[in-house]
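If you're matching them up, the sequences are chains F and L in order. Quick note on numbering: my numbering labels position 127 of the first sequence as 127, and the sequence is numbered without any gaps. The number in my numbering is simply the position in the second sequence, starting from 1, with 1000 added.
Relax, there's no trap hidden among the hints.
Derived, one-sided and incomplete: chain F residues facing chain L with beta-carbon distance under 7 angstroms:
no., residue
1, Pro56
2, Ser58
3, Leu65
4, Thr67
5, Gly68
6, Ala69
7, Leu71
8, Ala72
9, Gly73
10, Gln96
11, Tyr102
12, Ser104
13, Gly105
14, Val108
15, Gly164
Rather than coming from a laboratory, the hints here were simulated on the basis of the structure. We put the CB at the ideal spot given by N, CA and C, even for glycine.
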Amino acid sequence: MAVHTFINILKRALDEEMSHDSAVHLLGEDVAAGGAFGVTRGLVDKYGDHRVKNTPISEAAITGLATGAALAGLKPVLEIMFIDFATLALDCLLNQTAKYRYMSGGQVTLPLVVRTQAGAAGGAAAQHSQSLETFFIHIPGLIVVAPSSPVEAYGLLKSAIRYGEPVLFIEHKRLYTMKEDLPDDYTLPTIGQARVAREGSDITIIAYSAMVQTALEAAQTLADQGISAEVLDLRTLLPLDMATIAQSVSKTHRVLIAQEAVLNGGVAAEIAARIGSELFDELDGPVERVGCPFAPIPFAPELERALLPGKDDILRAVHRMVGHA
Amino acid sequence: MTQQTLEHWQQMYRSLWRIRIFESQVQRLAAAGEVPGFPHLSTGQEAVAVGVCAHLNPSDVLYTSHRGHGHILAKGSDIEATMAEIIGRDTGLCRGRGGSMHLVDAANGVLGATGVVAGNLALAAGAAWAAQAQGKSDISVVFFGDGATGAGVFHETLNLAALWKLPILFVCENNGYAEFTSREEHSNVNHVSAFAAPYHIPTKTIDGNDLRVVHAEAGAAIAGIRAGQGPYLLECMTFRMAGHYVGDAQQYRSKEEMAAMLEKCPIERLKRHLLESGIDAAELDAIQNDATQEVLAASDRARAAPRPDPASVMDDVYTSPALHAITG
Ligand SMILES: Cc1ncc(C[n+]2csc(CCOP(=O)(O)OP(=O)(O)O)c2C)c(N)n1
Ligand SMILES: [Mg+2]
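Make a model of the complete structure from these sequences and hints.
Next up, the structure:
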C-alpha cells in the first residue's frame, strides 16, 4: 500500500498506460514541462518528446488534431489546461469528436481522453474556476467522468484510456493535493458505474467530483446527530448509473443531489427529473438540490467562500428534508 | 504521347466525366425531391479533385469539405455507395447516418467530409500526426474552400503542421466565393497562399482548372511531403459552376463572369489538349459515354437499395453495445 496525491497518482496512471500501450500519446499546452499542475512532469524524459507533445495555445486545433489522430490509430490523451477554455474546443468535441462514429455509420472508433481541470479553489476567479460539465452531458457520443479522490482518479483514468470512446475526464483542482492509499489488490472500475461511497439508510446524497468529499464530511456530522446518510459517488456523469441510484433511493426514500455548478439545467436537474419519473413511488418527499448560486465565481476569499456550496448547505438541506435529529 | 501517357490521360478524362455526371445526377435527383438536405456540387472544380487524388494511395488519408463528392470519387470510393449515402440509403457509405456533408469511407482512407467550414483541417493534421507517430509513409490531404481561411482554426492548424513538420497537403479550392459573398468582401488577402509564408510552409497558387497543371504541381508537392519535407499548401484557382448549393440561381454573379467561367471548364480544356495531341474525337466521346453509363447505372442501383430501418436509429452512437440504450 502506498500513499499518493491526486497529481502523482494521475501521473502514475498515465505512465502505466503509456508503457502498456505504445498507441497512447500525450499532448497539450506545457505537458512536456509537466503541465500547469505537474501531472505530466517527467514523462517526457521517459517516453520522449514524440509521445509527450507540447502544443501551441490552440485549443480548437489541438482538439481536432487529437480527434484526427484517434481516428487514425493513436490513443491520444489531450490535456485542456482549464475547463473554462474547453469552450474553445467545443466545436470540435460537439460537432466532430462525439459524432464521428455515428455519422460514419459505425466505420470508425475514437479512443480519445480529454483531461481537463475544473472547479473553484484558491481565488482562481471567474475564468479559471467554473464547473461546466453540464455543457458536455448534453452531447450524445461523449462519456463524461468526474473522479472524487486520488484512487478514483487513478482507476477511472486508466479505464478511460482503455475504453475506446471519446471521454472527457474532469479533475477538480481542489482535490489535487488530496492524499489517499492505493490498495495492493485494487481493481479498475467500470466506466458507467457509480459507487456507494458511504452506506446509510435515512437519505441518499448523490454527488460527484470534489463534492463527494464534502458530502462525506456532511454524512459524518449527520451520523453524530443520528441521521444515517448514504453517499453515492456518480463517477460518470454521462452515462448516469440509474440502477445504482434506484437501489439507494429504494432504501432511503429521500434524495439530495449536491453539485458545485450552478443549478440551472445541471447534472442534479437531470437526475432529479429521472428520479421523478422513474422512482416517484419510492420517494417520501421532493428531491432537493444543493448547488452554486447563479453568479460567476468571485475572486476574494470571503466572496468565494460565500458563494460556493459546502458542507453547511448540505446539512441545512438534509435537516429540512428529514427534520432535526 | 507514349501509349502509357495516353492511357493515363484518358483515365483522367474519364475521372473528370464521372464526377461531372455524378454531380448532374445529384442535381437531378435533388430537383426530383430524392435528396434530403442541401447538397453542394463540385461541378467545375473536377480538375482539382482528379489532379490531386491521382497521387494518393488508399492508405493515404483524405479529408474534404461540404463540397466533397468529387474528391471522394477521385480517391476511388464506390460510386453506388457514395450515391446511396447522398440519397440516404442503408447501403450508403454511412448507412444513411451522414449524407452529402458527412461522407466517410474509412476502408478507402476517406476520413471524411465536414459540414463545419474549416472543421476538417485540424482532424487532417491529426491523421498526419498519427502517420508520423506510427512511422508510416502515408500522407494526409485536406481540401477546403477559400472561405475556410477566415476561421481561426485554419491558422492554428497551419502553425501546428509547420511546427511538427506534419506530412499533410493543404489544398485550397479558391472559387472566389463563400456562399453568396465574394472573396473581396471576406478578406484583404486575395491569395490564400499568402497565409503560408509566415509559417514557412511552401506554397503555390495555380490554375486549378487545368488538370495537367494540377497533376504536375500536386505530384511535386506530394513527393516532397512523402520525402519528409513537411506540409505544403496548394491554392487552386477554380470556379463553382453550379452555385453554392443545388437550387442557387447565382443571381449575384454577372453574365460576363458566368460566361468567362464556362470558357475555363476543366473538361473542355483537357479535351482540347487531347484532341491537339492527336486523340480521336470519337474515342473521347466513347469515354464520356462510358462514364455516363457507369454513373447512371450505379445511381439506379443506389435508388433501388433499401432505406435504413428506423429501428436501427440508436446504432453506433457509442462503440459499446451496452451504451446503446442509454438516454444520457
Ligand atoms: C463554421 C461554419 N460557418 C458557416 C457555415 C455555413 N456555410 C456553409 S458553406 C459556406 C461557405 C464556404 O465557402 P468556402 O469555404 O469558400 O467553400 P465553397 O462553398 O466555396 O466550396 C458557409 C458560410 C458552415 N457550414 N460552417
Ligand atoms: Mg469558396
